[in-house]
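Student: Take the sequences, apply the hints, and build the full model.
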Amino acid sequence: MFATRFAPSPTGYLHKGHAFSALTAFAAAQAVGGRFVLRIEDIDATRCRPEFEAAIYEDLAWLGLAWETPVRRQSEHLDDYHAALSRLEADGLLYRCFRTRKEIAEAMASAPHGPMEVFRGGPLPPDEEAARLAAGEAFAWRLSLDAAGRRLGGFGDLTFVEEGEGAVVARPQVGGDVVLARRDVGVAYHLAVVVDDALQGITHVIRGRDLFEATHVQRLLQALLELPTPTYRHHALLVGPDGKRFAKRDRAETLRSLRERGMSAADLRKELGFG
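Residues 6 to 280 in this note's numbering are what the sequence shown lists, from first letter to last.
Worth double-checking, as some hints may not be accurate.
Claimed, not checked - Computed beta-carbon distance windows for the label pairs:
id, residue 1, residue 2, range
1, G171, S262, 33 to 43 Å
2, R54, E258, 12 to 22 Å
3, V76, A140, 37 to 47 Å
4, S91, A139, 20 to 30 Å
5, S91, D215, 23 to 33 Å
Read the hints as simulated data drawn from the structure, not as lab findings. Keep in mind the model is a prediction, meaning the values are calculated, not measured. By construction, the Cβ of each residue, glycine as well, lies at the ideal position given by its N, Cα and C atoms.
Tutor: Right under this line is the structure:
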């Protein structure tokens, strides 16, 4: 059965861009009698707050959306992500990276063949790694593109379907050796999202165009973990009068503030093309 989802992070209040994305996914599910899933991506305990999560439910209900319950909250399913991480580690696809962000930036800038756009590293010699672990140094688990390429025999056969474009050849190299877990945030976004989509039976991922590049890395993880690959639709991003896309960090006007100044849900839906 067709199943799609809206998966916000409770790090701020929802704005028009979120409303457009949620309504797009909801309308797609309704059109074919499919499932609409709401997922709360709250693994970043340093930034997620309960009042923002409560506001997500309030705002989406105000828009007229309905979703399956119970809602999956990522913070309640860390064992699922750690199991996937352990599998990748056992398969020799991860390595411990002890470099700080500053050290990584310096390494990328001073690469022998010119500055690198993404980080590519590798494991430390066993003795050095053991010493740094014994000293209690922090590290991140990174996915080794070299090891992943050997495991799959290259990336040439990795594809995903983008609605309106057909088959797209995945280019996981665009992400470099991505971080899949670290001490301050725990399991990272890329790993959590592919595990969640598989466990929740998501057949169609409908989200903003800003996440298109993330799909390349996520397609690689699906292959390595032998998970199904959804069909993708990356819709255009909603922009404000200044031409900039709506974003929490830019303090975009929130749905709460729109409601407080008298805008109705029907008016907003019409403005966004869902009247």
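Student: Take the hints in turn and mark each one as holding or not.
Tutor: Results for each hint:
no.	hint	in the structure
1	G171 to S262: 33 to 43 Å	holds, 40 Å
2	R54 to E258: 12 to 22 Å	holds, 19 Å
3	V76 to A140: 37 to 47 Å	holds, 41 Å
4	S91 to A139: 20 to 30 Å	holds, 22 Å
5	S91 to D215: 23 to 33 Å	holds, 31 Å
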